[in-house]
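Participant: The chain contents come next:
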Amino acid sequence: MIEINGVSHNYGKSKILQNISLSIKESGITALIGPNGAGKSTLLSLMARLQPLQTGSIMFDGHSVSQTPTRELAKTLAILRQDNALSSRMSLRDLVGFGRYPHHKGRPTAKDHRAVEEALDYFDLQDMSGRFIDEVSGGQKQRALVAMAFCQETKYLLLDEPLNNLDMYYARSLMKRLREIADTGKRSFVIVLHDINYAGAYANEIIALKDGTLAIHGPPQDVLETNALQTLYSMKITVTQHQDQLVALHHL
Amino acid sequence: MHAKKLIILSVLLALACIAFMTLGAKGSWSFLLVFRGTKLLALLLVSVAISVATLLFQTISGNRILTPSIMGFDALYLLVQTLLVFTLGGFTYVALDGQIKFLAEIGVMLLAAVLLFSTVMGKGRQDLHRMVLVGIIFGVLFRSLTGFLQRIIDPNDFAILQGASFAQFSSVDKDLLGLGILLVSACCLIIWRLRYTLDVIALGRSNAINLGVSYERLSFVVLVLVATLVSVSTALVGPVAFFGLLVTSLAHFIMNTHRHAILLPASMLIAALILVSGQTVFERILKSQSTLSVTVEFFGGLLFLLLLFRGKMR
Amino acid sequence: MKNIGVAIVALFALSCFSLFVGVKEIAISDWWQSPQNIDLFFISRIPRTLAVILTGASLAVSGAVMQMLARNSFVEPSSVGTAQSAALGILLVTLLYPGSPLIVKMIVASVTAMIGMAVFLAMISRLPVTSPLLVPLVGLIFSGIVEALTIFIAFQTEMLQFQGTWMSGEFSGILRGRYELLWLCGVLAILTYVVADQFTIIGMGKDASINLGLNYKQVVIVGLFILALSTSLVVVTVGMIPFVGLVVPNIARRLMGDNLRASLPWVAVLGALLVLMCDLIGRLVHFPYEIPVGTVLGVIGSFVFLYLLYARPAHAR
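Chains as they are written, first to last, in numbering that gives the first Met the number 0: chain A, 0 to 251; chain B, 0 to 313; chain C, 0 to 316.
Please note: incorrect hints may appear among the correct ones.
[What the hints assert, rightly or not] Distance condition first, Cα-Cα at most 25 Å in a straight line; then the derived DSS-like pairs of lysine-lysine:
hint, chain 1, residue 1, chain 2, residue 2
1, A, K24, A, K140
2, A, K154, A, K104
3, A, K74, A, K110
4, A, K110, A, K154
5, C, K104, A, K104
6, A, K74, C, K104
7, A, K74, A, K104
8, A, K104, C, K205
9, C, K205, A, K74
10, A, K209, A, K74
11, C, K216, C, K205
12, A, K140, C, K104
13, A, K154, A, K140
14, A, K154, C, K205
15, A, K104, A, K209
16, A, K154, A, K24
17, A, K154, A, K175
18, A, K74, A, K14
What the hints contain is simulated information worked out from the structure, not anything from laboratory work.
Starting from the given sequences, assemble the full structure and let the hints guide the process.
Facilitator: Take a look at the structure:
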């Protein structure tokens, strides 16, 4: 369980997050949505201790992110950042392999190699595993980064817009895979998503932020609702139903 | 406003010149007048050459942080000099008339500068950082090649070249003064006639062409002028890295204009003021020779970093 | 990894050759027959060759680590003011405590080198990440400023000549008893290999490091410590040698990528090879006079660096 309690965050005078308190249940996919500048990425990087907390507390299974040693946290949670300015020149296999670092500390065992191979298989990267990351396309790099985070085998995985750079085929297959894993009950995902239809289709719960405050927190049917979406995004959005699935027509 | 500032600068410079001539004067005036007078003339000439070369170079490269010295121009001149000794051999070199030698050096320098820097600047125009970096590395290359050749040259020949690694404002080469004055005046005359065109060139290539300036031809001319001016100043006092930058930055700061008709005289006056008053202080008051150049380099370097950080690259 | 054997064999062959290059001619066939020759070998030739190899490997490894710490492939300790700061430290300690033993000079040089590096890293952390070439630029200017300061002090105190020996690297003065400190560089290079993975992760950036549970600050400090120590060791014993730390890691990166665990052995061997080659050129070109290895590298290194600058598009890594 992730517990966020009274978290506020400022950059200089601008308030990015204001008194956010919520708890995220174990196992399942939680989608984090909201308009640009709502504070989604900041919240995620605070959760992943990439930035120090200013006020409030964040706990993973009762371990506070600001007090638990960072090595230990690396085995509990992993984050995939949106602006991954990764400029190292290394092969995809090596990159994915570094996801195992928290476990082997530089001395990989057979188990670690196996995990890397599984991740490469799982994300369809086996064919290009020897290529350097500066030689592959944006989408392939993105998949490798997801595989790296996946390889870390943490209970919690925080993904900041993982569908960036992915085409429709890989975007859907990534979400399907995350759903499969979530359904085994072993791992939980918190995902920042731009496309609310992905959030509606794959998430158990949706958290919507607006202007640094918590706007809605609930199951998809609470959020994929015409009035709620219109207030959240300040634009006209119609929600309709296709078979059992709620669909927001936000592009019309 | 600008005129007033220029007058103030001129008065200050005149005062500095008087101080330079009279402070601590002992002995006969007829001797001092000639001895100190030539020195003063050399300092003024170097000031004009460096300030004008830097200003022009900044105009054609479209930024206020590059100087010919940072881009390795003076290192190139020293290399050319060494190459001539290397190919001609020490005795032939010494036997040659000083002024012919100087002209020959300038000729080779012009050729090399135009060849090298027109390619660098052509390619690097979109990527300023790369251009600067390439220039600096060229400087390192030229200096290393100079050092390399100096080691290979006969030890006798080696003595002919003073391996100066920084400028010596106190000991100028007086034989070249006459020719230097001629060359610098010629350059200045051309530049003064181009002063309004230079304002247009400073707007950048596409704007300049759009306004009917034949950009490529003019930047070639300017490059030639810059190479000549740098040759003169390096031949007289040796390499100076950041002096030009210091001067043009001050000129921009004090005058706060883009007009070359004002910037050109202003930077000449500022350069001369710094050199003459600095040399007076170091030579006459502190009695310490040739530390002025190191001091100028130190502050010039700091200024360069400051400009980088304040994002004044363009 | 497969061809590193070839590189090591080449290094070995070149080292053997280096042993037989010198003012006193020694025939390969009978060098062991005269005790004088054997003495010459153990007092001068072998120490010199070892010093060259250790220096080359250490400079190249330092360059690779520096590039990870700065996250930029166009930097090395001698181009960003670290080596210059070490030289300043040596000058200061020589001025203030003229009789101090070498080890004290070493420690002071390491401390000033560390300060210089910290200042540089603090400066580049404020630069925008979008202009990678600004980083080496700032480094070059910063080293110029530190050097000007050193020259100024040396000039005022008439130490210019001493100062010159640290500024340009040379192996001609290497004899038994004058290079042994360099073995410490070898130890530091091995230490670097042991923690290679952590430096690779630092090279991926702060966020990636934290995410993988690395104590970012601690690793950076360890890196700074290793760099400062090995840089000042080299400056104290042979003087500054440019470009090795810059070009060798870049070449190794093209072959092997950024994974230091895989590329460091290459970096070390290639660095040793490059310096040995340049030392040989310096000894042979104008035989029996010597050209300092720093000068030879200044020429060859700047050519390679210019190539590297142009061979790749604007993104520095």
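Participant: Next, verify each hint and record whether it holds.
Facilitator: Verification of the hints:
no.	hint	in the structure
1	K24/A with K140/A	violated (30 Å)
2	K154/A with K104/A	holds (19 Å)
3	K74/A with K110/A	holds (15 Å)
4	K110/A with K154/A	holds (18 Å)
5	K104/C with K104/A	violated (36 Å)
6	K74/A with K104/C	violated (44 Å)
7	K74/A with K104/A	holds (12 Å)
8	K104/A with K205/C	holds (17 Å)
9	K205/C with K74/A	holds (17 Å)
10	K209/A with K74/A	violated (31 Å)
11	K216/C with K205/C	holds (9 Å)
12	K140/A with K104/C	violated (48 Å)
13	K154/A with K140/A	holds (23 Å)
14	K154/A with K205/C	holds (22 Å)
15	K104/A with K209/A	violated (40 Å)
16	K154/A with K24/A	holds (12 Å)
17	K154/A with K175/A	holds (18 Å)
18	K74/A with K14/A	violated (31 Å)
Checked against the numbered hints listed earlier, the structure breaks hints 1, 5, 6, 10, 12, 15 and 18; every other hint is satisfied.
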